[in-house]
Structures are given as C-alpha cells and as structure tokens.
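Chain A is already provided as a structure; the job is to place chain B on it using the hints.
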Amino acid sequence: MYTTYNLFNDVLNLRDVFDDFFRRVPSRASRRVEFPYVNLYEKGDEIVIKAILPCVKSEDINVQLIDSGLVIEGERKIDYADSPYIRKERDFGKFKKSIRLPYDVDSNRISATLKDGIMTIKLAKSEAAKPKKIEIK
Amino acid sequence: MTTEVTKIKRDAYDQDENVIVPPVDIYENENEYVIKADMPGVKKENIDITIDNNELSISGSVADEEKSRENIKYSEFALYNFFRSFNIGNDIDSGKVTANVCDGVLTLTLPKREEVKPKKIEITAE
Numbered sequence: 012m013y014t015t016y017n018l019f020n021d022v023l024n025l026r027d028v029f030d031d032f033f034r035r036v037p038s039r040a041s042r043r044v045e046f047p048y049v050n051l052y053e054k055g056d057e058i059v060i061k062a063i064l065p066c067v068k069s070e071d072i073n074v075q076l077i078d079s080g081l082v083i084e085g086e087r088k089i090d091y092a093d094s095p096y097i098r099k100e101r102d103f104g105k106f107k108k109s110i111r112l113p114y115d116v117d118s119n120r121i122s123a124t125l126k127d128g129i130m131t132i133k134l135a136k137s138e139a140a141k142p143k144k145i146e147i148k
Numbered sequence: 192m193t194t195e196v197t198k199i200k201r202d203a204y205d206q207d208e209n210v211i212v213p214p215v216d217i218y219e220n221e222n223e224y225v226i227k228a229d230m231p232g233v234k235k236e237n238i239d240i241t242i243d244n245n246e247l248s249i250s251g252s253v254a255d256e257e258k259s260r261e262n263i264k265y266s267e268f269a270l271y272n273f274f275r276s277f278n279i280g281n282d283i284d285s286g287k288v289t290a291n292v293c294d295g296v297l298t299l300t301l302p303k304r305e306e307v308k309p310k311k312i313e314i315t316a317e
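If you're matching them up, the sequences are chains A and B in order. Using the working numbering, read the first sequence as starting at 12 and increasing by one per residue. Using the working numbering, read the second sequence as starting at 192 and increasing by one per residue.
Possibly wrong hints are sitting among the right ones.
[Stated by the list, open to error] Label-pair distances were calculated between CB atoms; the ranges are:
1. A:131 - B:290: 23 to 33 Å
2. B:244 - A:114: 52 to 62 Å
3. A:114 - B:293: 51 to 61 Å
Don't read these hints as lab results, they were simulated from the structure. Virtual Cβ for every residue (Gly too), placed ideally from N, Cα, C.
Isolated chain A, as found in the complex (with noise of 0.2 Å):
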C-alpha cells in the first residue's frame, strides 16, 4: 500500500507536542476533588455510599444526616512522629464534605462501617419517597 507523504504531517505533529504539553497538568494539580473520595451506589430502594479514609480511626470521623444531605467530617490525623522526610505525598489534617442525597432517606435504617481505610454507609429510601402507584378510575 503506498500513501501518499504530506510535508504538513510532521508539522502538524509539533502542534500537538505543544498541546499535549500545556494541557497534560500534574495529577496533583487536576485533581478537583476533595479529600475524602466518595462513590454513590444505587440500587433499587438502597443508597451506598464508599468514601475512602486510610487510617482515620471512627472517632475521628462524624457521619451527620442534615435535611436530605448526609455530612462526613473528621480529621485525619499524623501518624507518624516529626522524623525529617525525604517524600510526603499524603495529605493530612480536617476535612469535611457534604454529599446531596437525591431523595429522602429513613433515618432509622442507616449504617456504617469502617474497613481497611472504606467507609461504607447504608441508606434506606424512606417510605413517603417510594414509588406509589395511582389508581385510574
């Protein structure tokens, strides 16, 4: 197969080295998200929520239902003595986070368990939310 050579291939090559450059930023500065991550499961009538806390004990952490959000707060602590580093890639200190729920959830049937640094917290949709089916007469 022969195909045909463009002098403006190479050219247009260099353009993208330059766009590649500026627009590929560290991880650490495209990161928009704050600490602590979190994944929202649905399935069905359960909400679960998995919010990654390595080595934060559960008295650190505050798990709060406000109106229809649930509140994670809590602060992670150093756990390491004031040795000189030579790396430190991890963030520590407080933090806080507020996760919108889409509907309304029974307060009663809530959980939540701490796991090799995974929260998970389980929410039940409440009674009023749940579908209801109208009669046609």
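Frame of chain A, contents of chain B only:
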C-alpha cells in the same frame, strides 16, 4: 491521598492492567527508613513485598467486590490493584525489613546496615 496516579502495567500475557500508584511518605531517622503507603481496601494477606537486588516493589490487590462499578451513580474514585517500586541503594539490611498494615496503610520499616549508621567520633584531648 491526592496524588494517586493510575498507570497501565503490562502483565505476563501482555495484557494491560490499570494499577494505582499509592502515595507514599518516606521518612528517615538514624536507624532506619520508614515508608508509609496508602492502600485502602487492601487486606494484610493481599499485600506482596519483594526486594530484588536494589529494587523494592510493593503490590496490593483489592477484592473484586470493592472494585465493582455496578449500580454506580456518582463516582470520584476507582479502585484498582496497587503497585509501586523503588530503587533502594545498598544501605538497607534486607533481612530485617518489617511490615505492618493498619486500616489501609502499609508501614514498611527498613533498617539501615550497621556500617551506614551515623557514628559518633570521640575527640581525645591532647
């Protein structure tokens, strides 16, 4: 845990696998180096630490149900297996390395070899 980076690692069958590079803190004091790595979702039995010549590799695997993206409505993170490797010099006593896991954080203690530890030099008065 802001700087976790995913990269694609080729495994033995030349298949691409996404791995997360765990953020680490490295500390040094006069007796040892301490490496602390954030690996949430990894249990003690799923961590693998090897020292091969001058390269230290840490890898942790996450259970499949933590990785599953089923029914996900909003996501800020994705869990894959963890892997990171370091080049360490000759000043580590590889026989005495200890590791400890707590709540998703791995603490590796690498004691320095005796010859490398700072020694106090006595000044004798003349």
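The hints, checked one at a time:
| no. | hint | in the structure |
| --- | --- | --- |
| 1 | A:131 - B:290: 23 to 33 Å | holds (26 Å) |
| 2 | B:244 - A:114: 52 to 62 Å | holds (57 Å) |
| 3 | A:114 - B:293: 51 to 61 Å | violated (37 Å) |
Checked against the numbered hints above, the structure violates only hint 3.
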